[in-house]
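Asks: Sequence:
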Amino acid sequence: MIGLIVFAPLLSFVLCHLLPDRYSWLASIIANALLLISTTFSFILLFSVSPQTTHLIHLKWFQVGQYTFNANLEINSLSVLMLVLITSISFLVHLFSVGYMAGETGIRRYFAMLGFFTFSMLSLVLSDNLLSIFFCWELVGFSSYVLIGHWLEKPAAAKAAQKAFLFNRIGDAGFLVGLMIVWANTQTFNLNELLHMQEVYSWQTAATLCFFSGVIGKSAQFPLFTWLSDAMEGPTPVSALIHAATMVAAGVFLLARMFPLFTVDALNVVAVIGMLTALLAGVCALHQFDIKKILAYSTISQLGLMVTAIGVGSEKAAMLHLVTHAFFKACLFLAAGAVIHSLHRAQSSSHENFDVQDIRNLGGLRKKLPTTFSVFVMAAASLAGIPFFSGFLSKDSILTSIWHWSGSSFSWHWLILVGAFALTAITVLYTFRMVWFIFFGTNESNLNVAESPWIMRIPLILLAAASTWVIISLNPFKTAGGISFWIVDLPHSMMVTLTSIGIILLSLAVAWFTYVTRNKPAIANPFFQNAFRIDSIYKLSVEQPIIKLTTVAETTDRKWIDGVLHFTAYAQVSIAHAIAWVDTYIIDGFVNATAWLGGAIGSFTRSFQGGKFQLYIFWAILGLIIFLFFILI
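Heads up: the sequence shown begins at 1 in the working numbering, then just goes up one per residue.
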């Protein structure tokens, strides 16, 4: 059963790639059929496995010397819940994509990479070995890089894909260091062995913070969070999958999976970074105009809240919010995609042309897109934490966890608690602002806008239904039954619940007064709109110094290092030519002259006794003449 769940998406990847171009239309059918199989067996596994049981599948991976590395798969309550979450949302994204991506080029590549993305995430949540987790972690990153840059003809998409890839590699460098620390101290990557250590060791803080740096990159936490909003350049269904069930969820899942390994000091860092990210991203969402960027910063903010929950010691509350967030955020992204798709179709048959993702250009769509409006409002209510929706229950669990963690005596923990309640208000404000300007407002277009096809609306309806309290709990104000059955021991406090409801009602009143009564236009501060100019800070403090350093290094290499090397080479060649000339004309000349002289003398002396009578007479007469010459002189 596990094989079908995991390898069906991988088979989708292979078959979609092998399809000939003339049969590219089959890619959507094959991909959806295989994802439906994977989803079906995930639900069967959910209802056939007890939350208290754990099954381990042993798989030998490779061996180096005396060390054997396994790629074991662990089936427990957490992994089974993630399997259902990933496969169900991935299937609905596949189904939605049939309508959304109709007529697009590269459809085989698109569905193939969706399958590979799903396979990578499924493998990650089942892995019981840090090394195999890192392997799947990198596959998830690679898949997101390809899908974000799917539209090859868009320079912005290519740039966003590169940015996502580089930011994740920065975080993953820390992950690698964490692996080294663990291996150096334990000689094992087996997660079960590590999590059941009886003592707390000094190296654990450094190792877990290194792993957390990987989470910072993957789950877009401060300071590596700016890539996620740029990733909206990819297709909207891809954004839904990344934000709901795969890439950014991987970081929170890893923290929850490794929670027992974290020390108190490491958890404090996690809590602070999580809350800082949540508040910064929430403020950024309140100042965005692009509908997808509002949702992107909303995701970063909610991920920060999940990370905070883990930092305060409640990984169960974080996982519950991960599940609820997956459903309502997938619904919001796909509904936004439906709005964009419907407006693009309307524009293609008219002469109007405007940015359909800018909420200032929208308004009045509730009458033209009633189904999309209904599901969007339901998912938005869940995001805002409105009672009777799933987001209310999971946020209530996190707020209660922070409440208990902060304690009764004053400490810096109270800042996290105040930040959590402030985030509740901010979330309501940007959610109301988004819904109002898209579906109400005053900038009604004259376009003949029609609902998206049913194949796109069905996933929206299912996800909107999953955004209600019913699948989470039988009690709309307390976690009991439903999915929470798989995440036991969730905290609950009536005081926190009443406080949260009071903040929500007050925030709704402020939002109504601001955007409805006063009809205040959607004004945004550029400082907050550009994510506190963090990218500009990176550009000034990192990018430009590195570019200058590389320029200096290139100049040094080309003019000085290469110059010295070339001068040395030319000098060597010149010296070699000089030595060759001396050798040829002086040394060899002297040797040759000496040899010639020796030969000439030898020939001369041999002529004295050559046996020729004429020469004897010649030399005798010559000798007599020389003798007489000396005598006479």
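Mixed in with the good hints, there may be bad ones.
List of simulated lysine-lysine pairs, DSS-like, C-alpha gap at most 25 angstroms [said to hold, decoys possible]:
#, residue 1, residue 2
1, Lys163, Lys559
2, Lys159, Lys368
3, Lys368, Lys293
4, Lys293, Lys154
5, Lys478, Lys163
6, Lys293, Lys539
7, Lys163, Lys368
8, Lys539, Lys154
9, Lys548, Lys159
10, Lys159, Lys539
11, Lys548, Lys559
Between beta-carbon pairs, the in silico distance windows are [claimed, not checked]:
#, residue 1, residue 2, range
12, Ile546, Pro155, 14 to 24 angstroms
13, Val542, Phe513, 52 to 62 angstroms
14, Ala569, Asp355, 17 to 27 angstroms
15, Glu352, Thr514, 23 to 33 angstroms
16, Leu46, Ala509, 33 to 43 angstroms
17, Asn268, Lys60, 31 to 41 angstroms
What the hints contain is simulated information worked out from the structure, not anything from laboratory work.
In this text, all values refer to a predicted model and were calculated from it rather than measured experimentally.
Glycine included, every Cβ here is placed at the ideal spot set by N, Cα and C.
Asks: Under the constraints set out in the numbered hints, which ones does this structure not fulfil?
Replies: Hints 1, 2, 5, 7, 13, 14 are the ones this structure does not satisfy, whereas the remaining hints hold.
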